[in-house]
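Following the hints, position chain B against chain A.
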Amino acid sequence: MKRILPFVIIAFVLGAGLVTARYLQRASLETPKPSPVPSASPVATAKILNPADPGAEPAHALGDPKALVTLEEFGDFECPPCGALHPILKGIETEYGPTKVRIIFREFPLVPNHVHALAAARAAEAAGLQGRFWEMHDLIYEHQKDWHEAFDVRPIFEGYAKTIGLDVQQFARDNTSEMVERRIFLDGKRGHSLDVQGTPTVFLNGKEVPFESLAPEKLKALINSELAGHP
Amino acid sequence: MPTVNETDRPSLARRAAVLYGVTAFVSLIGLADAIYLTVEHLSGRSVRCTITSGCSEVLSSPYATVRGFPLAGLGAVAYFVVFSLATLAAFGYPFVGKLLTLIVAAMFLATLWLLYLQAFVIHHFCQFCLLSALVTTTLTALVIYAQLKTGRG
Chain A
1 MKRILPFVII AFVLGAGLVT ARYLQRASLE TPKPSPVPSA SPVATAKILN PADPGAEPAH
61 ALGDPKALVT LEEFGDFECP PCGALHPILK GIETEYGPTK VRIIFREFPL VPNHVHALAA
121 ARAAEAAGLQ GRFWEMHDLI YEHQKDWHEA FDVRPIFEGY AKTIGLDVQQ FARDNTSEMV
181 ERRIFLDGKR GHSLDVQGTP TVFLNGKEVP FESLAPEKLK ALINSELAGH P
Chain B
1001 MPTVNETDRP SLARRAAVLY GVTAFVSLIG LADAIYLTVE HLSGRSVRCT ITSGCSEVLS
1061 SPYATVRGFP LAGLGAVAYF VVFSLATLAA FGYPFVGKLL TLIVAAMFLA TLWLLYLQAF
1121 VIHHFCQFCL LSALVTTTLT ALVIYAQLKT GRG
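Sequences listed follow chains A and B, in order. For the first sequence, counting from 1, position 111 maps to 111 in the numbering used here; every step adds exactly one. Going from the second sequence to the numbering used here is simple: count from 1 and add 1000.
Next comes chain A alone, as it looks inside the complex (with noise of 0.2 Å):
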């Protein structure tokens, strides 16, 4: 018997490290969804019925505002797998349409951890002032490479500012300012309310997209399953 109760031992904790395996990767495919507190008091009733912080209005939004599905994500400028979104997005855009899918985007900067993605949230904040956030929002996610190890990243994103034909002297001014500031947190506050873990976060129609079917097809594949209900 003592001969075998080391392989029994070892048989035992195999099992047991593929089974907690299974259960952590089930675990983070059922992404935790936006739940409204319980609770009796009538004041957080009227809570219920209305859980999610608006955000920032108005929304940065591509695409009909009676699009049949609506993409909502939760970025972060200097989160890689949001950079790997970025493109997946884009491709959506193009093969949808506006008339079908509306991508809207909130800031849900992941601070301390990404030093720059303040600075990145308040540069597409800043050019979204004098309208041009989604050229901001592009220059910022396709060249995350260039400047997340740098500095000093305000030189960088006034350069972006400058290339896509801003007023670069406000543009800095309102890097700073009060409305950019406040919008990153009223998204911030959405995001929250939402119950938003990690970036990115993507809400498709309100239902939070598991991170695995971010994947382009998967991604695909829910969007067409939304519109087959709608001819």
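Worth flagging that the hints you see were computed from the coordinates, not collected in a lab. Treat the numbers as computed from the prediction; the structure is a model and nothing was measured. Every residue, glycine too, gets a C-beta built ideally from N, C-alpha and C. Some clues are possibly wrong.
Unchecked claim - Derived contacts from chain A toward chain B, CB cut-off under 10 Å, selection only:
no. : residue
1   : LEU5
2   : PHE7
3   : ILE9
4   : LEU14
Stated by the list, open to error - Just the calculated beta-carbon pair ranges, DEER-fashion:
no. : chain 1 : residue 1 : chain 2 : residue 2 : range
5   : B       : LEU1074   : A       : ALA221    : 29 to 35 Å
6   : A       : ALA11     : B       : ARG1014   : 56 to 62 Å
7   : B       : LEU1042   : A       : GLY206    : 23 to 29 Å
8   : A       : PRO98     : B       : TYR1063   : 39 to 45 Å
Same frame as chain A, now just chain B:
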């Protein structure tokens, strides 16, 4: 007449069993950590660091994979091998201790390399990787001590 060597044998065996038993237990911590990191790596999401700052930088860096295979997965396999060998050694299987020492020594060298990468190349530390470094260092100390004290092969 019993020799000194013979009277020493039971206590030596017990000491080896305890030392390798502790080694097996410590390797389980490394195994749990590596399994968590492997699953997070495969899911691809930015892991939220709670103590240090650079989880997503470290885990999404090119050094987190070896020919497309997640490094954390290799770590999980290594910790499982260490656990298996330490368990066998604790039960008195011969020659396992030396093999275990070799493998743990290789893991320790790999750990030094990964710490160097985090400190000087990626410039970020990930707490789960640091826990793994701590576990491997403890394992190294344990198996060297076990070899010196028991000399069992």
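The hints, checked one at a time:
Evaluation of the A/LEU5 hint against chain B yields a held restraint, the C-beta minimum of about 7 Å falling below 10 Å. About 8 Å separates the beta-carbon of A/PHE7 from the nearest beta-carbon of chain B, less than 10 Å, and the hint is met. For the restraint placing A/ILE9 at the interface with chain B, the shortest Cβ-Cβ distance is roughly 5 Å, inside the 10 Å limit, so the hint holds. For A/LEU14, the shortest C-beta to C-beta distance to chain B is roughly 7 Å, which falls under 10 Å, so the interface hint holds.
B/LEU1074 and A/ALA221 have their C-beta atoms about 33 Å apart, which keeps the hinted 29 to 35 Å range intact. One distance hint, 56 to 62 Å for the beta-carbon pair A/ALA11 and B/ARG1014, is violated here, with the actual separation near 25 Å. Between B/LEU1042 and A/GLY206 the beta carbons are some 28 Å apart, a value that agrees with the proposed interval 23 to 29 Å. For the pair A/PRO98 and B/TYR1063, the beta carbons lie near 41 Å from each other, so the given range of 39 to 45 Å is met.
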